[in-house]
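Generate coordinates for the entire structure from the input sequences, incorporating the hints supplied.
Number of protein chains: 2
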Amino acid sequence: MPTVSSEELAAAAGVNSAKLRKDFSYLGSYGTRGVGYDVEYLVYQISRELGLTQDWPVVIVGIGNLGAALANYGGFASRGFRVAALIDADPQMAGKPVAGMPVQHTDELERIIQDNGVSIGVIATPAGAAQQVCDRLVAAGVTSILNFAPTVLTVPDGVDVRKVDLSIELQILAFHEQRKAGEEAADTMPAVAARKQPADKGPDGDVPAVMPA
Amino acid sequence: MPTVSSEELAAAAGVNSAKLRKDFSYLGSYGTRGVGYDVEYLVYQISRELGLTQDWPVVIVGIGNLGAALANYGGFASRGFRVAALIDADPQMAGKPVAGMPVQHTDELERIIQDNGVSIGVIATPAGAAQQVCDRLVAAGVTSILNFAPTVLTVPDGVDVRKVDLSIELQILAFHEQRKAGEEAADTMPAVAARKQPADKGPDGDVPAVMPA
DNA sequence: CCATCTTTGTGCACGCGTTCACAAAGACAT
DNA sequence: ATGTCTTTGTGAACGCGTGCACAAAGATGG
Numbered sequence: 001m002p003t004v005s006s007e008e009l010a011a012a013a014g015v016n017s018a019k020l021r022k023d024f025s026y027l028g029s030y031g032t033r034g035v036g037y038d039v040e041y042l043v044y045q046i047s048r049e050l051g052l053t054q055d056w057p058v059v060i061v062g063i064g065n066l067g068a069a070l071a072n073y074g075g076f077a078s079r080g081f082r083v084a085a086l087i088d089a090d091p092q093m094a095g096k097p098v099a100g101m102p103v104q105h106t107d108e109l110e111r112i113i114q115d116n117g118v119s120i121g122v123i124a125t126p127a128g129a130a131q132q133v134c135d136r137l138v139a140a141g142v143t144s145i146l147n148f149a150p151t152v153l154t155v156p157d158g159v160d161v162r163k164v165d166l167s168i169e170l171q172i173l174a175f176h177e178q179r180k181a182g183e184e185a186a187d188t189m190p191a192v193a194a195r196k197q198p199a200d201k202g203p204d205g206d207v208p209a210v211m212p213a
Numbered sequence: 001m002p003t004v005s006s007e008e009l010a011a012a013a014g015v016n017s018a019k020l021r022k023d024f025s026y027l028g029s030y031g032t033r034g035v036g037y038d039v040e041y042l043v044y045q046i047s048r049e050l051g052l053t054q055d056w057p058v059v060i061v062g063i064g065n066l067g068a069a070l071a072n073y074g075g076f077a078s079r080g081f082r083v084a085a086l087i088d089a090d091p092q093m094a095g096k097p098v099a100g101m102p103v104q105h106t107d108e109l110e111r112i113i114q115d116n117g118v119s120i121g122v123i124a125t126p127a128g129a130a131q132q133v134c135d136r137l138v139a140a141g142v143t144s145i146l147n148f149a150p151t152v153l154t155v156p157d158g159v160d161v162r163k164v165d166l167s168i169e170l171q172i173l174a175f176h177e178q179r180k181a182g183e184e185a186a187d188t189m190p191a192v193a194a195r196k197q198p199a200d201k202g203p204d205g206d207v208p209a210v211m212p213a
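The listed protein sequences correspond, in order, to chains A and B. Sequential numbering from 1 applies to the first sequence in the UniProt record's numbering. Sequential numbering from 1 applies to the second sequence in the UniProt record's numbering.
It should be emphasised that the hints constitute simulated quantities derived from the structure, not laboratory data. Keep in mind that this is a model prediction, so the values were computed, not measured. Do not rely on the hints blindly, as some may be mistaken.
Just so you know, same-sequence chains aren't split out, so a pair can sit in one copy or run between any two.
[As the list claims (entries may be wrong)] Calculated lysine to any residue pairs in the SDA-like style (CA-CA distance at most 25 Å, straight line): (1) 180 - 26; (2) 19 - 7; (3) 163 - 175; (4) 180 - 43; (5) 180 - 98; (6) 19 - 74; (7) 180 - 78; (8) 163 - 72; (9) 22 - 6; (10) 19 - 5; (11) 163 - 15; (12) 163 - 78.
Here it is, written out as structure tokens:
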């Protein structure tokens, strides 16, 4: 039976082993003292807890460059996501194959969502169309939305929205790049301690929250 | 002179006003007691601190769907980034206009970087090509890399890499979606307290760090 | 010029997450 | 069986960031 110790995992992930053990204990995962964790069992438990064992049908609305990129992205399938439909408002796009799947017109949106039991929608439309698409998704039963459009969406309670701003990461790099050049005063600001992207923290983590347009 | 109080800003941003004032104090920004902060001055100071006032030339390598989407993304220009060149390994792509700019061949990579003084590179290639592209970028003088390819890049000290995984956000939504359905045991896990995406925290923030493939 | 009122800047306390450190548990050898 | 050795699970201490609360600063009006 292949096993790993919390110490090995912690070293590989670059975190403290005690924290890792405590985290595992929240999942109810039990290791064996003196041996470690059964790899197969551990992977299964974590996968289940994170929802990787479930099949999540998603729809992608707005098949421009970004929508097409997402449709082709391999990482989705391997994490339990299944692209149920690609939807675009442009009648010219309807029927066109993208990522081996015909694009469908926005008119079909409600039917597609209900037929496939979709609860997660991805918005990759221009900013102007995003709120309207969002409203229709929610009305049709979607309860989680991933928004790539540069707008803040308004949704009723019970619906989760996460906004992805592709320029934020670039912003963070530029912030550090600036500090590399001018070596004045990286002193009192506590947030700037870590320059490297922490393995266990998020894509942000070390840049101030406030940012003007 | 238009001003804002920390209280107003805090309410708008959904954070505590004391935290906001303390953050501003790190930037050396000075407000006026009894009045608030001069909006124009404040915007300028924050912009400068974040590097928004500088002009950052960037190159995008790998002009597939994602690369094209990034090239067309409006948010870059407004944040001080200037796309200096679009680079692709496919000779068929060379000269093709994307986002009003001709795609250039990989052979030109080193020359482009040096001619434009590029210090930030974006990798949107397939996983297999990413490390090789990364090595060439670094050798040519790039010191910050934004990686969209699903690989972990190895770089020398002094070079910053940030990896963007487009499926992580979807993963987080699915995680919460799962909890909405099965209402068993959202109890002992401390991480799951906040369901909404915090305005001042990162795209992640409330999902375990360890994740199997 | 003084009184009052507003809002900043910050010392201090609280709370939460991380880390330390160790007892308990189990494997494995003798 | 008994002892030793490894690694877990977790109580307790530590450290850091957040929020409270207030003195200092400056505007504004009488």
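Each hint, compared with the structure:
{"no.": "1", "hint": "180 - 26", "in the structure": "between (40 Å within a copy, 19 Å between copies)"}
{"no.": "2", "hint": "19 - 7", "in the structure": "within (10 Å within a copy, 37 Å between copies)"}
{"no.": "3", "hint": "163 - 175", "in the structure": "both (21 Å within a copy, 16 Å between copies)"}
{"no.": "4", "hint": "180 - 43", "in the structure": "between (40 Å within a copy, 23 Å between copies)"}
{"no.": "5", "hint": "180 - 98", "in the structure": "neither (42 Å within a copy, 32 Å between copies)"}
{"no.": "6", "hint": "19 - 74", "in the structure": "neither (31 Å within a copy, 41 Å between copies)"}
{"no.": "7", "hint": "180 - 78", "in the structure": "between (38 Å within a copy, 23 Å between copies)"}
{"no.": "8", "hint": "163 - 72", "in the structure": "both (20 Å within a copy, 18 Å between copies)"}
{"no.": "9", "hint": "22 - 6", "in the structure": "within (10 Å within a copy, 38 Å between copies)"}
{"no.": "10", "hint": "19 - 5", "in the structure": "within (13 Å within a copy, 40 Å between copies)"}
{"no.": "11", "hint": "163 - 15", "in the structure": "between (28 Å within a copy, 18 Å between copies)"}
{"no.": "12", "hint": "163 - 78", "in the structure": "both (22 Å within a copy, 18 Å between copies)"}
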